[in-house]
Amino acid sequence: MKAIEANGLRKEFGEKVAVADLTLEVQTGEVFGFLGPNGAGKTTSVKMLLGLTSPTAGTARLLERPLGDRRVRAKIGFLPEHFRFHEWLTAAEFLDFHGRLYGMSTSQRRQVIPDLLHLVGLADRAHTKLKAFSKGMLQRIGLAQALLNDPKLVILDEPTSGLDPIGRRLVRDIINGLRDEGTAVFLNSHLLSEVEKTCDRVAFINQGKILRIMSLDELEQGNIQVRIRVGQPTPTLLENLKQFGQHVTQEKGNGRIHLYIQSEEQLPHLATWIIQQGYTLYELTPHHLSLEEHFLQIVGTESED
Amino acid sequence: MNIVWIITQLTIRETQRRRILWVGLLMGLGFLLLFGLGFHYIYLDISETNLRQSETDIIIGLLLTAGLYAVNFLAAIMVVLISVTTISGEIDTHTIETILTKPIYRWQVVLGKWLGYAIMSSLYVILLAGGLMLIVYLRAGLALHNIPFGLGLMILQVLIILSVTIAGGTRLSTLANGVMAFMLFGIAFLGGMVEQIGSLLTNETAVNIGIVSSLIIPTDIMWKYALALFQPQFLNTPFLAGPFAVTSQPSRAMLIYAMLYPIAFLAFAVYSFTRRDL
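Protein chains in written order, with numbering that gives the first Met the number 0: chain A, 0 to 304; chain B, 0 to 277.
Treat the hints loosely; a few may be bogus.
Claimed, not checked - Restraint-style ranges between C-beta atoms, simulated for each label pair:
hint, chain 1, residue 1, chain 2, residue 2, range
1, B, Ala-69, A, Gly-38, 50 to 58 Å
2, B, Asn-1, A, Asn-175, 30 to 38 Å
3, A, Asp-216, B, Leu-174, 25 to 33 Å
4, B, Leu-174, A, His-81, 14 to 22 Å
5, A, Asn-175, B, Asp-91, 50 to 58 Å
6, A, Gly-38, B, Leu-174, 45 to 53 Å
7, B, Asp-91, A, Gln-265, 36 to 44 Å
8, A, His-126, B, Leu-174, 29 to 37 Å
9, A, His-126, B, Met-258, 30 to 38 Å
As the list claims (entries may be wrong) - Footprint (simulated), chain B over chain A, 3 or more residues, beta carbon under 8 Å:
hint, stretch
10, 28-39
11, 166-179
12, 248-256
What the hints assert, rightly or not - Selected chain B positions facing chain A (Cβ under 7 Å, derived; list incomplete):
hint, residue
13, Arg-16
14, Arg-17
15, Ile-19
16, Ile-45
17, Ser-46
18, Thr-48
19, Asn-49
20, Ile-90
21, Thr-92
22, Glu-96
23, Lys-101
24, Pro-102
25, Asp-276
Bear in mind the hints are in silico, worked out from the structure with no lab data behind them.
Predicted model, so just to flag it, every value in this text is computed and none were measured.
Cβ atoms here follow ideal geometry from the backbone N, Cα and C, with glycine treated the same way.
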């Protein structure tokens, strides 16, 4: 089953286009990372999916129901980015209120709320008012709120930004648990190391446009940066290297050559070819790009245009 | 309807938790105590003089009218202050986002909040105005007429202001909304004054200005209607009844208009909030 299916969602605020074209699919049991710099259109995208903001154009389905269907929201959990909850409620009252909004019965709430407080490590704070909570604790209680209804889709907007390393670890474990239960998780984040550890697939968005969608496996295998050092490099060599990969450049000074190739299998062919061309090969080092380098490469190059 | 009631309960709990309810109650009791003491000593004074009963009644009536006007004014201010942040504030803090993404409708949130504040402010009016009336009755034996209907009109006035404030909160910032609500209340007050003086001087233009201001927001006219019901004997003696009194009983059409007014604003609030991008 598809958890999210967005087709050309677009949002304009007057002249400004906040989201130009949101087209993506998220499967159940998948953790999907939505990455982009601040102001790229991430939050607006999420708000359109959740019916907080109406799209200017395009369609979308959540859990195979069209946007705006209220019953489907009983199966969706959401943690907004900048939030302040009713701070005069205690943690348990807060969860109870949201449980009632989900339409959960008294017995369901009595059963689920202590478990969730325990899950997010706030069992001993059940009767503390939210105004005494730190930012990290608020984020954790907010996460518990998003999990109240045993959701099939959880949308988290920057869930780890206020958390310490222990809290991040906790959120990561919870997300992994959700995936194991077959829940889809849509994660808005700019903390790339977190995304790298949790997500199955990622979409890069900038200036309201999705630039690329790829799986983390693809990221690990593909797009390898190779550093080459040969004796007496020539312009012909640089030109011919373009048949192996993209973005062939040469460092000034030491004359090292850089290029990007798509798979590891190309490496031995590349080495053999250089030697066959009669060059002395001193160095050929593959380097897997981290998500962050990738992010900068994709988002950075596109925004230069 | 269940969701509406959940929101109503939360709204009432908020006024408790943020100590608005308790401060309001405590200050209200202080208000009644002050009035009771003042009334007690004034009444001691006038009962020693040999005024006629009708003259004594006028003095008592004046004091009670002034007290009721204070309640009327305080209730209007209170309802604006407690409800002005409710929607615009929750939009600003993003609190509303976790609520509206639940399987509920936006109108349920608007109606639930309205109902919560309506219950609180109605109780406030009943407690303070009823308290004043009780003090006067126990001390001086003066009973007002048409008390339930009159209190109902005072409550209607508060509901009008509440509905305007809730509707404003779906479009305006908290501060702009507060300014609008207070200004409207001020316009109604001033328009009411102009109308009253106009009718004393039989100046038709001034009366028309008053009518227009009552159409803009029929708060002051409902207060006057309530007063006319409470003390029908003052209707024909405008100079005796002082600045807060009425010189003519408002029309039935105006009453119907005033009852439809909060409904229309509430409907606008629902419409406007439902369509709003958050």
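- Message: Is 30 to 38 Å respected by the C-beta to C-beta distance linking Asn-1 of chain B and Asn-175 of chain A?
- Response: holds (36 Å)
- Message: Does Ile-19 of chain B hold up as a contact with chain A if the rule is Cβ-Cβ below 7 Å?
- Response: For Ile-19 of chain B, the interface hint is violated, since the closest Cβ of chain A sits about 11 Å away, which is over 7 Å.
- Query: Between Leu-174 of chain B and His-81 of chain A, does the beta-carbon spacing fit 14 to 22 Å?
  - Reply: Holds: the Cβ-Cβ distance is about 20 Å, inside 14 to 22 Å.
- Query: Quick one: are His-126 of chain A and Leu-174 of chain B within 29 to 37 Å, going by C-beta?
  - Reply: Holds, at about 35 Å.
- Message: Hint validation: Glu-96 of chain B versus chain A, beta carbon distance must be below 7 Å. Holds or violated?
- Response: With a minimum Cβ separation of about 4 Å from chain A (threshold 7 Å), the hint on Glu-96 of chain B holds.
- Hint check: 7 Å Cβ-Cβ cutoff, Pro-102 of chain B to chain A: At about 4 Å, which falls below the 7 Å cut-off, the nearest Cβ of chain A leaves the hint on Pro-102 of chain B intact, so it holds.
- Query: CB of Asn-175 of chain A to CB of Asp-91 of chain B, is that within 50 to 58 Å?
  - Reply: Hint violated: Cβ distance 35 Å, outside 50 to 58 Å.
- Message: Just to make sure I understand the rule, a stretch counts as covered if three or more of its residues have a C-beta closer than 8 Å to a C-beta of the chain. Does the stretch 28-39 of chain A meet that for chain B?
- Response: violated (count 0)
- Message: Less than 7 Å between beta-carbons is the criterion; does Thr-48 of chain B satisfy it with respect to chain A?
- Response: violated (53 Å)
- Message: Hint Arg-17 of chain B vs chain A: min CB-CB distance below 7 Å?
- Response: Holds, about 6 Å.
- Task: Please test the hint of 30 to 38 Å on the beta carbon pair from His-126 of chain A and Met-258 of chain B.
- Result: violated (44 Å)
- In this structure, is the beta-carbon distance linking Ala-69 of chain B and Gly-38 of chain A contained in 50 to 58 Å? Since Ala-69 of chain B and Gly-38 of chain A have Cβ atoms about 51 Å apart, the given range 50 to 58 Å holds.
Checked against the numbered hints listed earlier, the structure breaks hints 3, 5, 6, 7, 9, 10, 11, 12, 15, 16, 17, 18, 19 and 20; every other hint is satisfied.
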